[in-house]
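4 protein chains.
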Amino acid sequence: MTVRVGVLGATGAVGQRCIQLLDGHPEFELAAVTASEDSAGLPYSEAAKWRVDSPIPSEAADLTVRATDPDEMPDDVDLVFSSLPSGVAADVEPDFAEAGYVLSSNSSNDRLADDVPLVIPEINPGHLDLLEVQRDERGWDGAVVKNPNCSTITMVPTLAALDQFGLERVQVSTLQAVSGAGYSGVSSMEIIDNVIPHIGGEEEKMETESRKLLGTFDGAELAHHDADVSASCNRVPTIDGHLENVWAETRDDVTEAEVEDAFRAVESLDLPSSPDPLVEVFEDPSRPQPRLDRTLGGGMTIAAGGVQTTPAGIQYNTLAHNTIRGAAGAAVLNGELLQSEGWL
Amino acid sequence: MTVRVGVLGATGAVGQRCIQLLDGHPEFELAAVTASEDSAGLPYSEAAKWRVDSPIPSEAADLTVRATDPDEMPDDVDLVFSSLPSGVAADVEPDFAEAGYVLSSNSSNDRLADDVPLVIPEINPGHLDLLEVQRDERGWDGAVVKNPNCSTITMVPTLAALDQFGLERVQVSTLQAVSGAGYSGVSSMEIIDNVIPHIGGEEEKMETESRKLLGTFDGAELAHHDADVSASCNRVPTIDGHLENVWAETRDDVTEAEVEDAFRAVESLDLPSSPDPLVEVFEDPSRPQPRLDRTLGGGMTIAAGGVQTTPAGIQYNTLAHNTIRGAAGAAVLNGELLQSEGWL
Amino acid sequence: MTVRVGVLGATGAVGQRCIQLLDGHPEFELAAVTASEDSAGLPYSEAAKWRVDSPIPSEAADLTVRATDPDEMPDDVDLVFSSLPSGVAADVEPDFAEAGYVLSSNSSNDRLADDVPLVIPEINPGHLDLLEVQRDERGWDGAVVKNPNCSTITMVPTLAALDQFGLERVQVSTLQAVSGAGYSGVSSMEIIDNVIPHIGGEEEKMETESRKLLGTFDGAELAHHDADVSASCNRVPTIDGHLENVWAETRDDVTEAEVEDAFRAVESLDLPSSPDPLVEVFEDPSRPQPRLDRTLGGGMTIAAGGVQTTPAGIQYNTLAHNTIRGAAGAAVLNGELLQSEGWL
Amino acid sequence: MTVRVGVLGATGAVGQRCIQLLDGHPEFELAAVTASEDSAGLPYSEAAKWRVDSPIPSEAADLTVRATDPDEMPDDVDLVFSSLPSGVAADVEPDFAEAGYVLSSNSSNDRLADDVPLVIPEINPGHLDLLEVQRDERGWDGAVVKNPNCSTITMVPTLAALDQFGLERVQVSTLQAVSGAGYSGVSSMEIIDNVIPHIGGEEEKMETESRKLLGTFDGAELAHHDADVSASCNRVPTIDGHLENVWAETRDDVTEAEVEDAFRAVESLDLPSSPDPLVEVFEDPSRPQPRLDRTLGGGMTIAAGGVQTTPAGIQYNTLAHNTIRGAAGAAVLNGELLQSEGWL
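Chain order of the listed sequences is Y, F, Z and X.
So in the UniProt record's numbering, spot 205 of the first sequence is number 205, and the numbers just go up one at a time.
So in the UniProt record's numbering, spot 73 of the second sequence is number 73, and the numbers just go up one at a time.
So in the UniProt record's numbering, spot 183 of the third sequence is number 183, and the numbers just go up one at a time.
So in the UniProt record's numbering, spot 305 of the fourth sequence is number 305, and the numbers just go up one at a time.
Mixed in with the good hints there might be a few duds.
No distinction is drawn between identical chains; accordingly, a pair holds when it is met within one copy or between any pair of copies.
Claimed, not checked - With a straight-line Cα cutoff of 25 Å, these simulated SDA-like cross-link-like pairs (lysine to any residue) come out:
| hint | residue 1 | residue 2 |
| --- | --- | --- |
| 1 | Lys205 | Glu283 |
| 2 | Lys49 | Phe282 |
| 3 | Lys49 | Gly215 |
| 4 | Lys49 | Thr295 |
| 5 | Lys205 | Thr64 |
| 6 | Lys49 | His198 |
| 7 | Lys49 | Ser184 |
| 8 | Lys49 | Val88 |
| 9 | Lys49 | Glu260 |
| 10 | Lys49 | Gly185 |
| 11 | Lys205 | Phe282 |
| 12 | Lys49 | Ser36 |
| 13 | Lys49 | His224 |
| 14 | Lys49 | Arg264 |
| 15 | Lys205 | Asp276 |
| 16 | Lys205 | Gly215 |
| 17 | Lys205 | Glu249 |
| 18 | Lys49 | Gln308 |
| 19 | Lys49 | Gly298 |
| 20 | Lys49 | Gly182 |
| 21 | Lys49 | Tyr183 |
| 22 | Lys49 | Ser286 |
| 23 | Lys205 | Asp163 |
| 24 | Lys49 | Asp284 |
| 25 | Lys205 | Glu29 |
| 26 | Lys49 | Asp62 |
Hints in this document: simulated from the structure, not taken from any laboratory.
Chain Y extracted, bound-state conformation (with noise of 0.2 Å):
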């Protein structure tokens, strides 16, 4: 049976993304678009500069965008993603939840709350079942699930994977690609034969998501995990693919031979977008590459290599597609989870 979904923000860089990945979904049929007030009343392929490397879905194209309002959305649509910008989102998205439709959302608005699910679905599935603690609390018909943000996401699955070893301290230096700052984010002027050491709240996300995500859930409260995590970010040129060099102290003493089995044991899950193996482990310390492996398990894959004990702890590096892994594989991976557990 398949299930109708509407995209929030659909003609930005990430909707876009999102948009690609719903076309031919075994699950999820595209009903309705919506992007800002100037866009309302245009076909989808006139409101979206269409600028994913394969063509603009048919489907998706001739759909006429509505405004970003849940007065807009047909009634028989059951799940919304939404890439909104966090401003807006935080605006709306309450408003969609309270109407009655469940929200997969990759806005980075609202993701710490307390009765927020944060999910990986492979990681922290349980997690989900904070929406009744969310419904009860905020007497919403709809839900919000978020998922994290990108640089967050690359790391945490093989982070999960050490946490029976006693994850006690992480850090981590990114170099991340420029498509995580949206389409205009990032200038050729800055970037171009350059590396800027500093992204905006990032650092701040990959340490406090990182921590929600690895938390406990008691069926009440969510405890996040108490390990020191520390980020470094950093833009460098390339246009996909967040790669982070880790090094993770743990309670226990590890061999590489250990690390590099753990992270081959995260298991994926029987849903369409999640990609088996989950972690893809290479030998060749070279690898994993942005431009060579982002695209691994159609970019929902993640990377790790260079796997080396040292005496600041395991030291290795991971790479996920930023804006698949990332952001709007990552909503459509929750949107499935949800249809799955039987939200919607």
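Got chain Y; can you put chains F, Z and X on it based on the hints?
Below, chains F, Z and X without anything else, positioned relative to chain Y:
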């Protein structure tokens, strides 16, 4: 009084930078250039495919390239800069030293040898006295002094500044420019829209060389520093300028202001290539950036920024021009120290 | 019925693309791969440093690399793709043809020889009959067919479309991707933040090959087209996809609409690798663009746009994927034509 | 005697270059900077996000930004450089001229107006006398002089050199740097690993401005040159430096040597910013290249190379620094000409 100097391996990327830096040097006069057998006998302008972004200096252009052999070096040359491939350097540098030449070498061979001083003049000038041990042990009239690897030089001046607080542990992620691998070292197909998270041997160089540079020389033996150093090295699509994300743990607690003051307090030397200030500290957390800041102080300044204290220690970024401060300029500056200390 | 095929020079950049394109091919089955002496005897997965952005096909990975010698080729191989360096190809291709193998070669040697068909299947399939002349003159049981240079292929389909209006003069400026020079052909220090306005031999190839492709074969001799062709070739920092600015003067006056219609009217063939449409015409003058449009039709489409009439003739832009349509895919498509026309 | 100067639109990319070029200028002293209302009242160092690769000049840093209004300009300013957006400039420049200020403007408005001189000092200094017509017609005490578009300036000096042979037809393909579109003009997602074969309005500017620059002024009217000019404009991933492939047809037959001699014979002027030689001719066909050659003559040299004769006329490449020779430096040089010719 002018010192006549020679350059070994003058046609390579570092050799060309060296020729550029010697142009108009107040103390040194270029008297001889060497290269591989194929180039011997050719005018330098023909042997070197000149690729530096300033025109080839006329006094260098007309020199006849010599074979890299002490018998071919003019007797009145007192100081020889070496930027040979390390394999060649290991064979040839001892011959030059035995023949009485004093070498300031950028080649990586023998940097860790007990009787070879590894020197950044503003940081550990006293290590130069290891040359007495060297001459005793090897029976040379000449001498060999080394400068460290480009990625090591970039971080050591700031680490040295922190050692007053008891440096215990260092972790560093590097974002290194392609020029560090030489002119043909990184193909464009490898690096456009990409990052390579591995540089062979680089991590070990950073770990071992920095401990030697920060070590203590008692007049007889050099004790390496005992801080743990762990490096993760990446190649990024920038032409020049290595940027590094550093975490440094110290025994004492320190504030961000104390760290910045310590950086600013590192003293430059009264030598032509030593910039003042040695360390330029940026308040803007998005600086330093390779393209904007690599040519500060003629490429000899160490730039730092983004200082913050974290659970994992002091966190900051540092940047230096890898083929100037990190290679050719480092060798020239060591030459200036040798002259000033009376070793020529 | 499946044709068993071999690939000469299978470890290089074009060879790897060829292996990628043969994976899952409906008519061809990969039976043998060759490389230089050093690699002979190794599994292909080990000999080839695989750098294409999809995983190495498993049937190729396990093949043992052979020496590039007809005596080493299995007898049941009927079709051989060659992407050898042209110097090697000049030596070896005649040996394979003499030994009875039919070669579809991407190597540049002999492209202009009187009895060697130079073929783009959708444009000049009739030139294939030159093989009768070739076999007569050389006494071969096998045969050699060539595809043109990547920059030539990119523009010739549209020029062929304009020849109905009397093509008299062509000027073309190219913006060529680095992959056209092979994996190590362009160093990153040469091309980051740069353009190289010269590619050795490329201008002449475009001028002579295009006249041969547009020429007329009367069953005995091939008369080259008499249009003047003048090319100016540039290397730019793109990975794949050659973009070309073309001016074409024709005897007849034509409108922009007639030009676009002529482009759209070029027919594709009923062969697995021939895309439909062959020429995709963009109305948006900022398209085609290499990164967005190079993979149209699996990399086999010729994209065109920016059509306008000027005092200097018809002006337009054209784009093709240089290592697919311009090299490996061109050879595979020629193989499909050879099979369909009964030459195997 | 020093001329006090003002800069309108001083915080933009061209404005910053202008401030950089005025630092230490032998004739001009920076007295006032203007920007949009938002910045008025701020110190320049705060209003301008300084992004040029040399530190902000101290005398500029401390100036208070003024509104862009002649009433706000100090009376003792005699020369005003304008790098305003063309829409703003069209409104404001006449007010400044009416108020008595002499403007050297880089803005594109009014470049083709009959009574506005469009000048490259070394090429058509006599066009400056159009100012008499301008003052007569407009009743201004001040004046407005324009420099051409960056892509036009790059090719016109060499075209002027060829006009002695009877210039009849010009075709040019450009490979333009991102800085030509201003700091935020080209997003990194548009241009990394890509080319954009269209720049809005640029082709027409090259076609019309070059005919005006090469035209003849008889003291009353300016007759534009009648050569056909056809341009095809591309944006490529370089920071600075426009490279252009030119074909020029002349009435007379010429040899490559005659062309190179004609280029070398273009005379520079005895003005501070006019380089000697004006045109640097390279024998190596792979030069000039943007990264290696854009800073020749402080960024004011026109570089040329690859000269050859073809059936389509003389073919060559030319390069200039687009924000120096092509914008800020062009305006400064026009200011020097205005001063030297007694217009201030």
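Tested hints:
1. Lys205 x Glu283: Intra 30 Å, inter 22 Å, cutoff 25 Å: inter-copy only.
2. Lys49 x Phe282: between (37 Å within a copy, 14 Å between copies)
3. Lys49 x Gly215: neither (40 Å within a copy, 41 Å between copies)
4. Lys49 x Thr295: Intra 23 Å, inter 19 Å, cutoff 25 Å: intra and inter.
5. Lys205 x Thr64: neither (35 Å within a copy, 38 Å between copies)
6. Lys49 x His198: Between copies, since 16 Å is at most 25 Å while 29 Å is not.
7. Lys49 x Ser184: Both ways: Lys49 and Ser184 sit 12 Å apart in one copy and 18 Å across, limit 25 Å.
8. Lys49 x Val88: within (21 Å within a copy, 28 Å between copies)
9. Lys49 x Glu260: between (42 Å within a copy, 23 Å between copies)
10. Lys49 x Gly185: both (16 Å within a copy, 16 Å between copies)
11. Lys205 x Phe282: between (27 Å within a copy, 24 Å between copies)
12. Lys49 x Ser36: within (14 Å within a copy, 30 Å between copies)
13. Lys49 x His224: neither (40 Å within a copy, 40 Å between copies)
14. Lys49 x Arg264: For Lys49 and Arg264, the Cα distance is within 25 Å only across copies (24 Å; inside one copy 39 Å).
15. Lys205 x Asp276: Close neither inside one copy (27 Å) nor across copies (38 Å); limit 25 Å.
16. Lys205 x Gly215: within (15 Å within a copy, 38 Å between copies)
17. Lys205 x Glu249: Both ways: Lys205 and Glu249 sit 20 Å apart in one copy and 23 Å across, limit 25 Å.
18. Lys49 x Gln308: between (44 Å within a copy, 23 Å between copies)
19. Lys49 x Gly298: So Lys49 and Gly298 pass the 25 Å test inside a copy (23 Å) and across (23 Å) alike.
20. Lys49 x Gly182: both (13 Å within a copy, 21 Å between copies)
21. Lys49 x Tyr183: both (10 Å within a copy, 21 Å between copies)
22. Lys49 x Ser286: between (36 Å within a copy, 12 Å between copies)
23. Lys205 x Asp163: within (20 Å within a copy, 31 Å between copies)
24. Lys49 x Asp284: So Lys49 and Asp284 pass the 25 Å test across copies only (11 Å; inside, 39 Å).
25. Lys205 x Glu29: This pair counts as neither: shortest intra-copy Cα distance 32 Å, inter-copy 48 Å.
26. Lys49 x Asp62: For Lys49 and Asp62, the Cα distance is within 25 Å only inside one copy (14 Å; across copies 43 Å).
In summary, the structure is inconsistent with hints 3, 5, 13, 15, 25 from the numbered list given earlier, while agreeing with the others.
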